[in-house]
Structure formats: structure tokens, C-alpha cells
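*Asks:* Here is how the chains run, residue by residue.
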Amino acid sequence: MTSDADRPLLEATGLVVRFGSVRALESVGLTVRAGEVQALLGENGAGKSTLIKCLSGVVKPSAGRIVLDGRPIEPDSPHDAERLGIATVFQEVGLIPHLSVAENICLGREPGRRFFRGLIDWKAVRSRARQAMGRLGLGGLDVERELGTCSVAVQQMVAIARALDVRARVLILDEPTSSLDRGECVKLLEVIRQLRSQGLGIVFISHFLDQVEAIADRVTILRDGVLVGTFEAKSLPRSKLISLMVGREFEAAAARDASDSGSIEAGALLSLRGFGRSGMLEGVDMDVGPGEVVGLAGLLGSGRSETARLVFGADVATRGRMTFRGKAARFTTPRQAIASGIGMLPENRKEQGIFPSLSVVENLVVSLRARDGAFAGLSLRAQVSLAEEFVRLLGIKTPDVHARISGLSGGNQQKVLLARWFATRPVLLILDEPTRGIDIAAKADVLRAVERLRAEGTAVLFISSELEEVTRSCGRVVVLRDRRSVARLEGSEITEQAVLAAVAQTT
Amino acid sequence: MTLSTPSWHRGLRSLVWPVAALALLLAFNAAFMPGFFALEARDGRLYGVLVDILNHGSRTALVALGMTLVIATGGVDLSVGAVAAIAGAVTATLLVEAQVAWPLAIAEAVAIGACCGLWNGLCVSVFKLQPIVATLVLMVAGRGVAQLITGGSIITFESAPVSAIGNSAFLGLPIPVTMLALAAVGLHLLVRRSAMGLYIECVGDNPVAARLAGIPDRAVMMTVYGLCGVLAAVAGVIECSYIKAADANNAGALLELDAILAVVIGGTALSGGRFSFAGTIVGAMLMQTLTKTLYMHDVSAEIAPAPKALVVIVVCLLQAPRVRAWMAGLWSRGGAA
Chain X
46 MTSDADRPLL
56 EATGLVVRFG
66 SVRALESVGL
76 TVRAGEVQAL
86 LGENGAGKST
96 LIKCLSGVVK
106 PSAGRIVLDG
116 RPIEPDSPHD
126 AERLGIATVF
136 QEVGLIPHLS
146 VAENICLGRE
156 PGRRFFRGLI
166 DWKAVRSRAR
176 QAMGRLGLGG
186 LDVERELGTC
196 SVAVQQMVAI
206 ARALDVRARV
216 LILDEPTSSL
226 DRGECVKLLE
236 VIRQLRSQGL
246 GIVFISHFLD
256 QVEAIADRVT
266 ILRDGVLVGT
276 FEAKSLPRSK
286 LISLMVGREF
296 EAAAARDASD
306 SGSIEAGALL
316 SLRGFGRSGM
326 LEGVDMDVGP
336 GEVVGLAGLL
346 GSGRSETARL
356 VFGADVATRG
366 RMTFRGKAAR
376 FTTPRQAIAS
386 GIGMLPENRK
396 EQGIFPSLSV
406 VENLVVSLRA
416 RDGAFAGLSL
426 RAQVSLAEEF
436 VRLLGIKTPD
446 VHARISGLSG
456 GNQQKVLLAR
466 WFATRPVLLI
476 LDEPTRGIDI
486 AAKADVLRAV
496 ERLRAEGTAV
506 LFISSELEEV
516 TRSCGRVVVL
526 RDRRSVARLE
536 GSEITEQAVL
546 AAVAQTT
Chain V
294 MTLSTPSWHR
304 GLRSLVWPVA
314 ALALLLAFNA
324 AFMPGFFALE
334 ARDGRLYGVL
344 VDILNHGSRT
354 ALVALGMTLV
364 IATGGVDLSV
374 GAVAAIAGAV
384 TATLLVEAQV
394 AWPLAIAEAV
404 AIGACCGLWN
414 GLCVSVFKLQ
424 PIVATLVLMV
434 AGRGVAQLIT
444 GGSIITFESA
454 PVSAIGNSAF
464 LGLPIPVTML
474 ALAAVGLHLL
484 VRRSAMGLYI
494 ECVGDNPVAA
504 RLAGIPDRAV
514 MMTVYGLCGV
524 LAAVAGVIEC
534 SYIKAADANN
544 AGALLELDAI
554 LAVVIGGTAL
564 SGGRFSFAGT
574 IVGAMLMQTL
584 TKTLYMHDVS
594 AEIAPAPKAL
604 VVIVVCLLQA
614 PRVRAWMAGL
624 WSRGGAA
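First to last, the sequence lines map onto chains X and V.
Okay, so the first sequence: first residue is 46 according to the numbering used here, each after it adds one.
Okay, so the second sequence: first residue is 294 according to the numbering used here, each after it adds one.
I should point out that these hints are in silico values taken from the structure, not numbers from a laboratory.
Built from N, CA and C at the ideal position, the CB exists for glycine as well.
Some hints here could point you the wrong way.
[Unchecked claim] Facing chain X, according to a computed beta carbon distance under 7 Å, are these residues of chain V, among others:
#1 401
#2 477
#3 481
#4 483
#5 487
#6 489
#7 495
#8 505
#9 506
#10 566
#11 567
Given these sequences and hints, build the entire structure.
*Replies:* Dropping the structure here:
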């Protein structure tokens with residue numbers, strides 16, 4: 046029998062969550078001991094978020110039980126979970142930038158004055174905030190400072206301090222480092238170590254394997270809503286960890302290093318050298334030739350979409366060099382990039398791609414008409430026949446081209462967005478996860494369309510989490526890790542094994 | 294381009310409720326207000342209640358057309374009343390004190406309206422102020438500017454051509470009706486023949502996607518707020534021609550609310566996206582008919598807004614998808630029983 050000492054602090058067993066017919070979690074368990082950091086890993090859609098939502102009372106599992114300190118609990122809101130002793134810092138820090146650090150820490154539980162409960166005892170608010178920050182080794186911070194003026198790292202610490210303010214036993218951190226730069230990450234990891242030594246059980250979610258290796262005592266891996274296993278961090282080499290995450294075996298072969306970042310490749314259409322933006326992308330070296338499909342591979346959060354956005358001018362690069370068509374280029378708006386012949390299919394179809402209340406034809410011609418100017422004559426008849434041509438070419442299933450795009454399936458919406466860029470005849474097309482969330486038949490159609498585009502001489506920058514797609518479609522693959530490019534593979538070197546090996550390489 | 298395009302069909306469908314409300318109101322008046330539909334032709338011009346409604350409704354509708362474009366981008370322009378007051382003040386002051394020729398006076402008033410609109414557009418698109426805040430500034434400050442121009446007094450003018458705008462007829466109908474028709478046709482051609490209408494609807498429907506699709510979002514904002522300013526100024530000129538005077542204090546009072554209501558009744562969502570000029574014009578006429586009906590039933594100006602609000606909320610609810618779905622449910626259940 047387990048003695049009281051090594052009894053787990055938090056033990057979740059057999060959790061099941063279904064959203065409609067989709068199973069988000071299937072009989073998943075997690076144990077957290079006092080004074081340890083438990084890393085939770087998995088690719089997109091593995092069920093990490095759902096699992097922590099169960100623990101923090103956001104989602105109610107349809108089966109399974111959660112035991113905290115030997116007592117079964119059923120938290121029904123984050124507030125309830127906090128009261129029971131499980132504090133969560135979610136990815137989007139829910140703080141109010143215009144209030145002071147102290148107000149943010151005590152918000153919603155301000156200490157009242159002794160005789161007038163309705164009045165706030167500001168002195169107590171400040172001292173409690175100072176105490177909470179002190180626990181994180183930040184006792185020197187001016188708690189009356191407006192939160193918005195503090196660095197992102199400090200804001201993150203304040204979110205943690207707020208979570209800890211209610212005597213937490215378990216602290217869940219969801220991607221706490223995703224918006225921090227290297228120095229700030231080091232600081233945050235230091236704070237986590239300190240909290241561990243105070244006997245807290247910590248669940249740490251991150252896409253950055255370096256950080257996981259630096260801090261985790263044990264690692265729990267999820268894949269497709271199923272528990273892969275829990276492992277001692279020390280006895281789990283990175284190659285093994287990655288193959289467990291992506292569900293494929295591979296041998297750690299030595300990948301070629303891509304740090305030949307000197308001269309720009311002759312004849313390249315797009316060249317990046319040390320290209321990036323502080324806090325977003327450390328530095329990417331890459332060349333894309335005309336009529337070439339170049340893949341960007343790497344785990345989630347490795348900087349793939351960030352690279353795409355910076356090239357396209359959706360965010361503005363502050364580091365390194367970019368040359369496009371032989372000239373130095375730095376786009377500050379997507380409009381400039383489009384005028385130069387670049388197109389980008391964004392990562393999130395619904396939020397960044399479609400105009401939901403407009404028709405298929407309007408969604409399709411919009412970039413063409415935006416590039417050519419408001420008064421470039423394009424008759425309605427010409428628009429409709431252009432749209433009908435692409436509907437035929439890409440096999441878009443829609444009642445007619447005047448139907449609202451929001452009524453189409455995800456795959457057909459994605460094809461309309463592809464057609465939007467095909468219609469502009471771009472020199473370089475960036476595709477960020479073009480096959481995410483669409484059915485298999487549509488996936489094949491999309492990949493075929495990309496191949497046709499390449500055959501017509503368009504260069505393609507292809508981003509996908511599906512290694513198989515990357516290895517099949519690309520003539521060259523650049524591997525990113527921790528927001529920098531770490532390897533380059535060409536021709537026959539491109540195998541899933543080799544890409545995984547590059548992803549797994551330790552620096 | 295033929296008229297039987299799908300967008301035309303869609304436009305017709307969204308017109309059903311505002312037109313039905315207007316018809317209902319007219320029917321009510323036909324039943325309870327003898328003489329409501331009486332028309333009299335004198336000196337080649339029509340007189341009657343309906344003509345009055347068309348005359349004053351056209352002024353509101355002109356402003357509401359500009360407001361339609363602004364609202365379609367997901368914004369709002371609260372400053373139209375103040376801009377109308379400035380335009381009236383400029384016209385009257387130029388006519389009386391500077392003895393400027395009337396076309397020049399009107400041209401200057403409209404140009405100043407354009408500048409006001411462009412300023413709003415600058416605040417919204419470049420300085421990223423919330424539209425409601427950016428235009429609220431001009432709504433408050435604009436009245437002060439109008440007062441400064443008129444020196445705080447009501448300036449009356451004697452200019453036959455200017456007072457003719459609001460007080461004489463073209464083809465038997467008041468001149469503002471012709472102005473509205475010209476503005477509506479001109480705007481329709483401008484935004485629907487060019488890609489402007491598409492840009493506007495895209496910006497309102499999904500601003501993030503619009504930027505990534507390469508739409509010149511700043512230019513779109515400048516254009517719609519600029520046009521809105523121009524139309525508000527035109528309405529200001531019409532209003533001062535009605536009374537042959539510029540009243541900086543009362544000119545264009547609550548004009549912004551009437552215009553916004555006309556747009557909303559016309560089926561353009563305040564959240565932006567799809568817009569309909571035809572709906573807006575019907576909405577403006579509905580508002581004017583309602584106002585006139587209440588006055589004719591001796592409802593005092595002080596309490597008139599209450600019944601007006603009631604009609605507005607009913608028309609808006611009828612257009613809300615949730616209410617429609619609910620009513621459709623009631624209908625089918627009733628049919629089955």
C-alpha cells in the first residue's frame with residue numbers, strides 16, 4: 046500500500062470528454078506529486094488543453110474521477126477549482142492591463158476593511174500583492190505600477206502570483222513561455238523551480254522541448270486524446286520523446302546542419318538570412334527557388350507560422366535580411382507583399398481567411414480585385430466565369446458561386462481560399478497548414494492543386510504539421526526548432542526519419 | 294450587367310420587413326387620418342403630407358446613405374449632425390458676410406464637410422481610435438465650431454437659389470428628392486461598379502482577413518468617412534435652405550440617431566458587412582413617416598421618441614435571425630397542430 050508520504054497530490058483517472066461525436070479525451074489519467082514538475086506534451090489536438098480544462102473545472106468529464114489529497118473532487122468552475130487548491134494560468138493571461146499589479150493580484154477577492162466590508166483595504170491589497178510576488182522572488186517589484194507598463198515576462202509572473210494567492214496545492218501552467226524571449230524564459234523557469242521546492246505540484250505545458258528537459262521531473266505524453274504514457278524525464282531521450290508524440294518510430298541519424306548562412310544562393314527567388322523579429326522568431330535561413338516547393342517543418346511553436354507572417358508582411362521583421370526576386374525586401378503590410386507577387390493562405394481559415402457572410406465568388410476574387418485597384422474593370426460576368434472555372438478545376442462543391450461561403454464544408458472553403466490566390470497568379474505562394482481540418486478527399490485535391498501550381502512555375506512555401514505531406518510534396522525542407530532554422534534537407538535526404546532527427550537534435 | 298444578379302435578389306429579400314412596416318404605417322394613416330394621401334397640384338408642383346414626408350425624408354436619407362457605408366465597415370459616425378450644422382453655418386456666413394456667389398458658398402460648405410469626414414477617417418484608420426470615440430469628438434467639437442462661425446447667433450440670408458433647394462420643385466417634387474435620387478444612383482454606381490463595395494463589405498465582415506487579402510483598409514476608411522462627411526454637409530445645406538437661416542444650435546440635432554436608425558431598419562447590421570442602400574432609403578422614409586404620423590396625431594415632440602423607439606425595435610427584432618428562427622418554429626408547430 047502507498048504510504049502517506051508518496052501518495053500523489055493530484056490523481057486523475059479514466060477521464061473521458063466528448064464534444065459531439067468527437068472524442069477529445071479517452072480514458073486519460075494524470076498524477077502529480079508534491080514538489081515535482083510534471084510536463085504535459087502532445088501535438089495539436091492531442092488533448093492537453095481538454096485535460097487541463099477538466100482539472101480546472103472548465104469542462105466536466107463524462108467519466109473518470111479526480112482525487113486531490115485523497116479526497117475526490119468535482120470542480121465545476123475555475124473559481125471552484127481554485128478554492129479546492131488547483132490554480133491554473135491559462136495561455137491567454139486574463140489580466141487587466143490598466144489596473145496596477147496589486148489590483149490584478151487581488152481582483153475579485155479584495156480584503157475588506159474591518160468595519161465596512163464594502164470598502165477595500167488598499168493597504169492590505171498592497172501587502173498581500175508584495176507577499177505573493179515575494180514568493181516568486183520578485184519582492185522588489187513596485188506593486189502599484191500599472192500592469193500594462195510591465196514586460197510580458199513580469200505580466201506572466203503576476204498571473205502566476207495571482208493564481209498562487211489562493212493557497213494553491215497544484216499549479217497548472219499552459220504555455221507560459223510562448224510569448225517570452227530567451228532571457229525571460231530563464232527567469233520564469235527559475236521561478237518554477239522555486240515553487241517546486243516549496244512543495245507545489247506543477248503541471249507544465251510547453252512546445253519547447255529544451256525547456257521541458259530543463260525543468261520537468263516527469264513527462265506525460267498524449268496523442269489523439271489518448272494517454273501514451275508517463276515517463277521519468279531523465280530516462281527519456283529526446284528522440285524517443287518525439288517519436289512518442291508524433292506516433293512514429295525513427296532513428297536519430299545525424300542531420301546536416303544548415304548554418305551555412307553566408308552568401309545568398311544564386312538564382313533564389315526568396316532568401317532569408319538571420320530573418321526574424323524579437324520575441325517572435327529568432328533567426329531563419331532559407332532559400333526558395335522559382336518553381337520549387339520548400340517545406341517548413343518543426344513542432345508546434347517552432348516558428349513556422351511566424352516565418353510565414355514575417356515574409357508576407359503580416360508582422361514586420363526586425364532582424365536579418367530578406368531578398369525577394371534579387372532585391373532586398375521588407376514588407377510592412379500584406380498589401381506590399383501581394384503587389385510584389387506573394388500570396389499567403391493563413392493558418393486559421395475561419396479567423397484569418399474567409400469572409401463568412403460573403404459569397405463564394407466574392408471570397409474568390411477579393412485578392413485579385415484588391416491588388417488591381419478598385420477601378421480596374423472586372424465585370425460581374427468575368428468574375429463569375431473566373432469563379433466557375435476554379436470551382437470546376439478544384440472540384441469545389443457549392444450549389445452555385447453566389448452561395449454564402451459559410452455554408453460550405455471546411456475543405457471546400459479552403460479550396461476557395463486557394464483559388465483566391467491562384468487567381469492572382471503569384472510568384473510565391475505561402476501555404477500555412479493548407480490541409481488542417483479538412484477531409485481526406487479534400488486534402489488530396491489541395492495537394493494536387495499545389496503540385497499543379499508548382500508545375501506552372503510558382504514557388505511554394507509549404508507549412509504542415511503532417512510530416513508525410515511535407516516529405517511527399519517538397520523538394521527541400523527547412524527544419525525549425527525553438528524559433529530558429531536548424532537544418533536543411535534536400536532531394537533524397539528528405540525522409541520523415543531525417544526531419545524528426547533534425548527536430549530532435551539537442552543544441 | 295443585368296439587374297437579375299443574385300445580389301439584387303438578396304437585396305430584395307432583405308427589403309421585405311422595412312417595406313412591410315412602411316406599408317402598414319401608411320395603411321394605418323389611410324384608415325385613421327383623412328387627407329393623408331391627398332395630393333394637390335399647384336404651379337406645376339405637388340403639395341400634401343406625402344410630399345412633405347418625401348422632402349424631409351430625403352434629407353435624412355442622404356445622411357443615412359453615407360452612414361450605411363460607415364456602418365458597413367463596422368464603424369459609426371456620430372458627427373453627421375454637427376457637420377451638417379457646420380455646413381449650414383458656412384453657407385449662411387459666406388452668403389451674408391462675405392457676399393460670396395451661392396454655388397461657391399455651397400461648394401465650400403461641402404468641401405469642409407469632406408474635410409471633417411476625412412479627419413474622422415484619419416482618426417479611425419491611422420490613429421486606430423474607436424469610431425464611436427473618434428466621431429464623438431467631432432460631434433461635440435463640431436457644434437462649437439459652427440457656433441464660432443455664426444458668432445453664436447442665427448444668421449438669416451436672402452438668396453433665392455439657395456432657399457429654392459428646400460422650397461421649390463423639380464418634376465413636381467421637392468428638389469431634395471432629386472438630390473437623393475442622384476446621390477443614391479451615383480453611390481450605387483461608385484461602389485457596385487468598382488470593387489469599392491466589395492472592399493467595404495470585406496473590411497466590415499472580417500477585418501483580419503481583409504488585411505491579409507490585401508485590401509487597402511486605410512483608404513477604404515478614409516473614403517467612407519469622407520463620403521459620409523460630404524453627404525452630411527449636403528444635408529446641412531438643405532436644412533438651412535428650408536428656413537433660410539443657419540441655426541448652429543439646432544441644425545442637424547439628433548440627425549445622427551435618425552440616420553443610424555434608418556440604416557439599421559434598412560437591414561445593414563451594426564456589426565458591419567453586407568449593406569443595402571435601398572433598405573436605408575426605405576428606413577429613412579419609415580422614420581420620417583412615423584415622425585409625421587405622431588405629429589398629426591398630436592403626440593408632442595417631447596414624447597414622440599418613445600413610440601418611435603417601439604417601432605424601431607419591432608422592425609429590428611423582425612430582422613434578427615434568432616427571432617426569425619423562433620417565429621418559423623411557431624409557424625410550423627401551428628401548422629402541424
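*Asks:* When the structure is checked against the list of hints, which entries are broken? Sort them ascending.
*Replies:* Per hint list: 1, 2, 3, 4 violated.
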